[in-house]
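**Student:** Take each chain as given, in its own frame, and dock them per the hints.
Going line by line, the protein sequences match chains A and B. Mapping the first sequence onto the numbering used here, position 20 (from 1) lands on 20, and the numbers just tick up by one. In the numbering used here, each residue carries its 1-based index in the second sequence increased by 1000.
Bear in mind the hints are in silico, worked out from the structure with no lab data behind them. There are no misleading hints in this set.
Residues on chain A that point at chain B, a partial pick, calculated with CB under 7 Å:
no., residue
1, T259
2, Q328
3, L331
4, E332
Simulated restraints on C-beta separations:
no., chain 1, residue 1, chain 2, residue 2, range
5, A, F198, B, R1008, 29 to 35 Å
6, B, E1049, A, N216, 39 to 45 Å
7, B, E1074, A, E158, 44 to 50 Å
8, A, R111, B, K1125, 50 to 56 Å
9, A, H169, B, N1059, 18 to 24 Å
10, B, L1117, A, E153, 53 to 59 Å
11, B, P1103, A, N216, 23 to 29 Å
12, B, N1059, A, R75, 55 to 61 Å
13, A, G295, B, R1008, 33 to 39 Å
14, A, T185, B, R1115, 26 to 32 Å
15, B, E1049, A, T287, 35 to 41 Å
Don't be surprised by glycine CBs; every beta carbon is placed ideally from N, CA and C.
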Amino acid sequence: MPNSRQPLQSEPAAIRPLPTLRHAGQLFETERRLNAVLNNASVSIFLMDDRQHCIYMNRAAEELTGWTLDEVLARDCPLHDIVHHTYPDGRPFPLHECAIDRAFPENNQERGEEVFVHRDGHFYPVGFTASPIRDDSANIIGTIIEVRNISDEKAAAERQRLLINELNHRVKNTLATVQSIAAQTFRGRTDLAVRAVFDARMTALSTAHNVLVEDNWESASLVSVIERSLAPHLLAEVDVNRFQLDGPDARLHPKVAVTLAMALHELMTNAAKYGALSTGEGKVSVTWALSDLGGGQQQLDLTWQEQDGPPVTPPTRKGFGSRLIERQLPLEFDGSAVITYAPAGVVCAMRIPLTQLGWIGQETVEGSLAP
Amino acid sequence: MTMLTGRRVLLVEDESLVAMFAEDMLLDLGCEVVIAMRLEQGLTLARDEDFDLAVLDVNLGNTRSYPIADLLFERCIPFLFATGYGRQGLEAAYQAVPVLQKPYQADPLEHLLTRLLTCEAPAHKGASSVPSTCRCQPAEVEQGRFRADPIR
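Chain B on its own, in the form it takes in the complex (with noise of 0.2 Å):
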């Protein structure tokens, strides 16, 4: 019994070989899965049905994962990114959410998901200046104050 288990998680990615894979490690950690592999899926998933958590592909095909993300911030339902392009490739306002980057693999997979349930503050929208720790500051960023990205 670890703190995964037996929680909902949503799972948005649009290859199929790759949900499998994912959906598998998901399992394996104890946790149901719900998969969607579009973005109308998803959207529709993140708003009717209750998650304790989310795994969100960025690029589902022609269009990005972010309207699921708004969705799932405004219901507080804490959620992680999965890309192959690391957090660079994150739109501005997603930069403090978290980045699983792939391919999936079990162990930085289960930190990440056990780290949002952990977090006392749920990610902001917004640019984050701690990406990448466990602190989990609300790390505001005052509007149109210049910031220099932190040095990875």
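The following block holds chain A by itself, in its conformation from the complex (with noise of 0.2 Å):
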């Protein structure tokens, strides 16, 4: 490296020319394209000593950091006292604060984010991965630290947040709103009854987006899905004990999710005024479990079981309830449902393929299966 007044400091084994560069011109072929490749490189490379100081950076980082080499070595001194001096909070920032200095000695390719810093002033957000360089006895004898300027990336996260809660603002809003209209239009036309199962069912389709919003809309936990579609019903129960629920953690795709809500909530329902729900001594177990279809498919077998219920006799109508588990749940998602009226409690045991994460415009997500 032409620019550098010296190797790395070290012990003076580690000075010696290399074995295999035998010849003047040789080495300088070799130099040449090392800089070739250096300077042309869009990533920031800092090349550090020691102490610290910087004994080497690339054109990247002097366009990053506004310093030269040659100025950034006439300073003699720590490049964090250069570049990364305060906080963006105008509080100074002591090297030994400094997570970049920490990364030093110990770990390969250590990782994170940091504020810098610029010559004129501004502060500019950077990732870095630091690794450390070690001589032949492998004593570590300096850093180098890779850096990106990260500004882009934060303004669309930034972006995309914003963009996130419009989309949130929206959706809340647009139940609302069709809850209200409900309301004005069959005010004094309905009876109260039926009104009180519509607003039940918006209430249900507002919850599942509720856990959808948690995740940024890109899937929603199952165990979450579960929970708050039976939650209305376990706040106006004294006794928790009459739920049981087992079964372990899974990513659902964000339809999966709002067709199970409103699935759940009409079981709950009907629990709750004819079922296991609609005396003092009946219970409900919702247990699942998950297996492999192979190709990283996963199922999701669920079973919703009633029991020391009234006994009970099956509907003589099939209603919004069953016509949305029985025949919907199956056709959406290549799945089956069966809801069996025995005489000793309600059972529905669904199974659902469990539909890869994303949506149309993202060719795949990253959502990690279940454990």
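**Tutor:** This is the structure we're talking about:
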């Protein structure tokens, strides 16, 4: 590296010429290639000695910081004091508090985010990767630090956050508006019980969306969906022991989350009206398991089971709930759902192959499968 | 009795609650309804069964319903697209297909389905110059010729 004064400060043995570079011409050629690589790289590269002084920086690093290598060398102080000396709130930032400095002797490819100060005084966010440099005897004699300006990524993330907030706001508002329109339209024309059913369904839909909001609309937690669907009824219940929930968590596609939440709401409403929750003694258990279908796809088997309620008689008419669960759910997800009106208690067995996470315009989403 | 009474309609719609709503609407119009909620189901039905009409939701989860539309074109089964995005959301090749703006409403649905049955020529694959009237000209566009979008 032509601009650095010295190789890394170390034992004299480290300074001896590399045996493979026999000729000066070959050395020159190697150095030229190395410089071509370093000075055309868009990532900033800093080479630090064991005192945290910068002994080399590439062209991208000069542009990033506003300082030239010669100026940095002339300052003869830790690089931290040149590009990282102040916290964004104006407090001085001493070297010993610096995460990049702490990364120094220990770990390979230590990563993090920091905020640097440009020569002209403005702050900018950076992502860094720091790795130690070792001599022939594996002693750590310095650090190589890659730094990227992540202002654009930060701005994009901020825009996305704003858009998601707007989306949340719009969706919730639209649902509330629909509720209001229904209330105004049917005022005095529908009996209150019907209105109450409608309001409860709207609330269930809205709750399902709350779960999605929490994970940026990418996916929803299965456990959250189940707990939230039952929550309004749980709150009304004195004895929580009447419910038994058991199964592992998984990430659900937003569509699955909403339909499942609506299905559970209908089961819950039915149980409260006619089933196990219509008396003081009845119990409801919701148990589920996940199995692998191969190709990274999982299947959810969920069983809703009521017991100790009044004797069950099958309904004479199939309503919204059973239509949604028994017909739509299998059609929508290529699964199956069967409601059995056993005398001892209603049982609903659902089998849903879990869709890959993601949506149109987003080829794949990194959604972790449940452990 | 209307023209739609007893007609067999393929309904492709991927949201359970919306599918139920659209189905009820079609049943109220006197149609017999067969629902598909996924692309594969829709393709199988469009290939193997006979329908008088079809209503296709454009977005089906991670895919679009265009392959079903292609089958319906081949079999000369008249159909419409239902979408919340309007005609602008359609690919150029399907611009001639009538569009029902979502959310579903009974009157426009009935009007468009009736028109599909009365039109002499079913919609062709290709750009349309007469998207929202009932003149139903074949609307052939010469290949490669520039054509401005009609103002809406």
